[in-house]
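In the order they appear, the protein sequences are chains A and B.
Going by the numbering used here, the first sequence opens with residue 1, and the numbers climb by one from there.
Going by the numbering used here, the second sequence opens with residue 1, and the numbers climb by one from there.
Treat the hints with care, since some could be wrong.
[What the hints assert, rightly or not] Computed cross-link-like contacts, EDC-like style, restricted to lysine to aspartate or glutamate with a CA-CA straight-line distance of at most 20 Å:
1. A/Lys71 x A/Asp61
2. A/Lys34 x A/Asp239
3. A/Lys2 x B/Asp200
4. A/Lys40 x A/Asp239
5. A/Lys40 x B/Asp190
6. A/Lys140 x A/Glu221
7. B/Lys75 x B/Asp101
8. B/Lys13 x A/Glu37
9. B/Lys13 x A/Asp61
10. A/Lys2 x B/Glu195
11. A/Lys5 x B/Glu195
12. B/Lys210 x B/Asp190
13. A/Lys185 x A/Asp167
14. B/Lys210 x B/Asp101
15. B/Lys46 x B/Asp67
16. B/Lys75 x B/Glu62
17. B/Lys103 x B/Asp190
18. B/Lys13 x A/Asp239
19. A/Lys185 x A/Asp175
20. A/Lys34 x A/Glu58
21. A/Lys40 x A/Asp61
22. A/Lys71 x A/Asp138
23. A/Lys140 x A/Asp130
24. A/Lys2 x B/Asp101
25. B/Lys243 x B/Asp158
26. B/Lys13 x B/Glu154
27. B/Lys145 x A/Asp61
28. B/Lys206 x B/Glu195
29. A/Lys5 x B/Glu62
30. B/Lys217 x B/Asp200
31. B/Lys263 x A/Asp138
32. A/Lys166 x A/Asp239
33. A/Lys140 x A/Asp61
34. A/Lys3 x B/Asp67
35. B/Lys243 x B/Asp101
36. B/Lys75 x B/Asp158
I should point out that these hints are in silico values taken from the structure, not numbers from a laboratory.
Given the structure is predicted, the values throughout are model-derived calculations rather than measurements.
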Amino acid sequence: MKKAKRIFTYGFLGVASFISIFPFLWMVVSATNKSVEVTKGRLLPGTYLIQNFKHLLESTDLGTALSNSAKISVITTVLAILIASLAGYGFEIFRSKAKDVVFNILLLSMMIPFAALMVPLYRMFANVSDAAPFFGIDSKVAVMLPTITTAFLIFFFRQSSKMFPKDMVEAGRIDGLSEFGIFVKIFMPTMKTTYAAAAIITFMSSWNNYLWPLIVLQSPEQKTIPLLISNLGSGYAPDYGLIMLAIVIATLPTALVFFLMQKHFVAGMMGSVK
Amino acid sequence: MKADRQGMSIRVKNAFTGWSFILIAVLMIAAFYFYPMIQALILSFKTGRGANLSFTGWSNYERLLTDKTFFTALKNTFIYLIIQVPIMIILALFISVLLNDSKLKFRGFFRTAIFLPCVTSLVAYSVVFKYLFGTNGLINTMLMKLSIIGTPIEWITDPFWAKITIIIAITWRWTGYNMIFYLSALQNIDNSIYEAARIDGASSFKQFFKITIPMLKPIILFTSITSTIGTLQLFDEVLNITKGGPGNATLSISQYIYNLSFKYTADFGYAATVSYSIVLIIVALSLIQFRVAGDRK
């Protein structure tokens, strides 16, 4: 009986792990093969990686897309964790009834689907396009602005602020630090892991964002990585090896971030529901 | 609170500083969530093409009630919801209970492997799935080699199988994500409860339904609400795997709104009306889920 249970447990988890990993393996193997071989179902590494890479660079603007995605994701992440951590700290440390009400209203925004926002947001940015192209349609700022502040991230930082020892705030005040000084010099260094988790979550969602950039970004030189991949995938005569290589390259940054900071990431996800 | 122990002037000063900490966040959320929501409401009473819009009262809402494409998209979305969310939640629960066993070997490997799909972008994995499930794709080739099927399945081009493909894809991407929440909740359950149950002779089956499920109820509620909201917003996968086809067999509401605004002749007013239907559905479903979870207490 016990043995049967163990076989079942390992069998089930083994199959689940295999199914989870298989598309990655296939993606990586296919990136080294010729398109024809991918369609034939070849599952062994090939020698076509360099050629695929050359074709990818020749036929697409991979470098531009990568640099656009990197700029957008990094700036979004830095601003997002700064604004949300200030707010989360503010809501928790300077708590009042009025702020609790405001906080609850902010949380309601988590229920609003993006589909309900995309048309008015598009019109908002389209309206300023002529007067201020820097903020308008087809600008990176327009991609970033609506995604920088989310109620989720504020909630996340507020929950973490609960674990921050309040005595340290008092100690900072006695030492004559300003309230912002306490935040920058005491809170931020103490909560490094929280910041790391928040940064990973924000970077990933910004790097992978698709719908809003699809609407806002129109010129080819503004395209981000998900837009580039979507374009490659919609062709009628797809070069499978080349597309798989593009997908591997697009997945690398988030996969790397995940593996390097796995502990923080999982802790961050868990912290968000505690 | 701390402020109560301090003087009045400090309290007033603190209140000011407190508001300044949250100001930017409040303004950003007001500007990019609540203001557009109000705009969408106003838009939903206007009709016209592109930028030329005029008030037409309830006409968009009347159109909505007779719009076959809208109801197809609604039906598709509910099929995904009713089939996919329960499958995924049960699967995630099941896997996390298996993984919670401290004597299990390779725990870290299993957990990482099953969580791995969450690092891919929705677009990237959608494109991979599109090729895996193509008529000449690897899945069909393997199923035929294993003699499970005789002729290739039209995963992408048959209305029924296309929906199944989308369901498989979403389940692949999100099961590990939900699993992490259950795992963390399971680790918070005191092991002595299970030991006591074991001494009383409760089977693992009974322990699962009498201890694990009730203890995890808040997390199950949380994940089912977030998954419901996620499914109602489904877009990237459908657009990149099936383009909403064949016909409109896999069209999601989000994609329909996108089509109305940016693909066909732009009808922002009607698109806003359709988008409000999702808002109402999300609010209604969340209330029901809270109710159901609350009643069982």
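Do the hints match the structure? See the list:
About 16 Å separates the Cα atoms of A/Lys71 and A/Asp61, which keeps this hinted pair within 20 Å; it holds. With a C-alpha separation of about 8 Å, the suggested pairing of A/Lys34 with A/Asp239 holds against the 20 Å cut-off. Between the alpha carbons of A/Lys2 and B/Asp200 the distance comes to roughly 19 Å, so the proposed pair stays at or under 20 Å and holds. For the proposed pair A/Lys40 and A/Asp239, the alpha carbon gap of about 13 Å is at most 20 Å, so the pair holds.
Distance hint between A/Lys40 and B/Asp190 is unfulfilled; the C-alpha atoms sit about 52 Å from each other, more than 20 Å. Between A/Lys140 and A/Glu221 the alpha-carbon distance is near 11 Å, which keeps this suggested pair within the 20 Å criterion. The straight-line distance between the Cα atoms of B/Lys75 and B/Asp101 is roughly 40 Å, outside the 20 Å bound, and the hint therefore fails. For the hint linking B/Lys13 to A/Glu37, the alpha-carbon distance of about 70 Å lies beyond 20 Å, and the restraint is violated.
Of the supplied pair hints, the one linking B/Lys13 and A/Asp61 is violated, its CA atoms being roughly 53 Å apart against a limit of 20 Å. At most 20 Å may separate the alpha-carbon atoms for a hinted pair to count; A/Lys2 and B/Glu195 meet this at roughly 17 Å. Between the alpha carbons of A/Lys5 and B/Glu195 the distance comes to roughly 19 Å, so the proposed pair stays at or under 20 Å and holds. Taking the CA atoms of B/Lys210 and B/Asp190, the gap is about 14 Å. The hint holds against a cut of 20 Å.
A C-alpha spacing of about 14 Å is found between A/Lys185 and A/Asp167, which places the hinted pair at or below 20 Å, so the restraint holds. With a CA separation close to 18 Å, the supplied pair B/Lys210 and B/Asp101 stays within the 20 Å bound. With a C-alpha separation of about 17 Å, the suggested pair B/Lys46 and B/Asp67 falls inside the 20 Å cut-off, and the hint holds. The suggested pairing of B/Lys75 with B/Glu62 holds, with an alpha-carbon distance near 19 Å, which does not exceed 20 Å.
At most 20 Å may separate the alpha-carbon atoms for a hinted pair to count; B/Lys103 and B/Asp190 meet this at roughly 16 Å. A hinted pair counts as satisfied when its Cα atoms are at most 20 Å apart, and B/Lys13 with A/Asp239 does not qualify at roughly 64 Å. For the hint linking A/Lys185 to A/Asp175, the alpha-carbon distance of about 12 Å falls within 20 Å, and the restraint holds. For the hint pairing A/Lys34 with A/Glu58, the CA-to-CA distance comes to about 16 Å; that is within 20 Å, so the pair holds.
The suggested pairing of A/Lys40 with A/Asp61 is violated, with an alpha-carbon distance near 28 Å, which exceeds 20 Å. This hinted pair checks out: A/Lys71 and A/Asp138 have alpha carbons roughly 15 Å apart, not beyond 20 Å. The suggested pairing of A/Lys140 with A/Asp130 holds, with an alpha-carbon distance near 15 Å, which does not exceed 20 Å. For the given pair, A/Lys2 sits about 14 Å from B/Asp101 by alpha-carbon distance, which is consistent with the 20 Å threshold.
In summary, the hint linking B/Lys243 to B/Asp158 is supported, as the alpha carbons are separated by about 13 Å, within the 20 Å threshold. Simply put, B/Lys13 and B/Glu154 have alpha-carbon atoms about 68 Å apart, too far for the 20 Å limit, and the pair is violated. With a C-alpha separation of about 39 Å, the suggested pair B/Lys145 and A/Asp61 falls outside the 20 Å cut-off, and the hint is violated. The suggested pairing of B/Lys206 with B/Glu195 holds, with an alpha-carbon distance near 13 Å, which does not exceed 20 Å.
For the hint pairing A/Lys5 with B/Glu62, the CA-to-CA distance comes to about 58 Å; that exceeds 20 Å, so the pair is violated. Between B/Lys217 and B/Asp200 the CA atoms are separated by roughly 23 Å; this puts the pair beyond 20 Å, and the hint is violated. The hinted pair formed by B/Lys263 and A/Asp138 meets the criterion: a straight-line CA distance of about 17 Å does not exceed 20 Å. As the CA atoms of A/Lys166 and A/Asp239 are separated by approximately 58 Å, the hinted pair breaks the 20 Å bound.
Restraint check: the Cα-Cα separation between A/Lys140 and A/Asp61 comes to about 17 Å, which is no more than 20 Å; the hinted pair holds. With a C-alpha separation of about 57 Å, the suggested pairing of A/Lys3 with B/Asp67 is violated against the 20 Å cut-off. Note on B/Lys243 and B/Asp101: the hinted pairing is violated, with a Cα-Cα distance of about 42 Å set against a maximum of 20 Å. For the suggested pair B/Lys75 and B/Asp158, the alpha carbons sit about 17 Å apart, so the restraint of at most 20 Å is met.
In the structure shown, a violation is registered for the earlier hints numbered 5, 7, 8, 9, 18, 21, 26, 27, 29, 30, 32, 34, 35, in ascending order.
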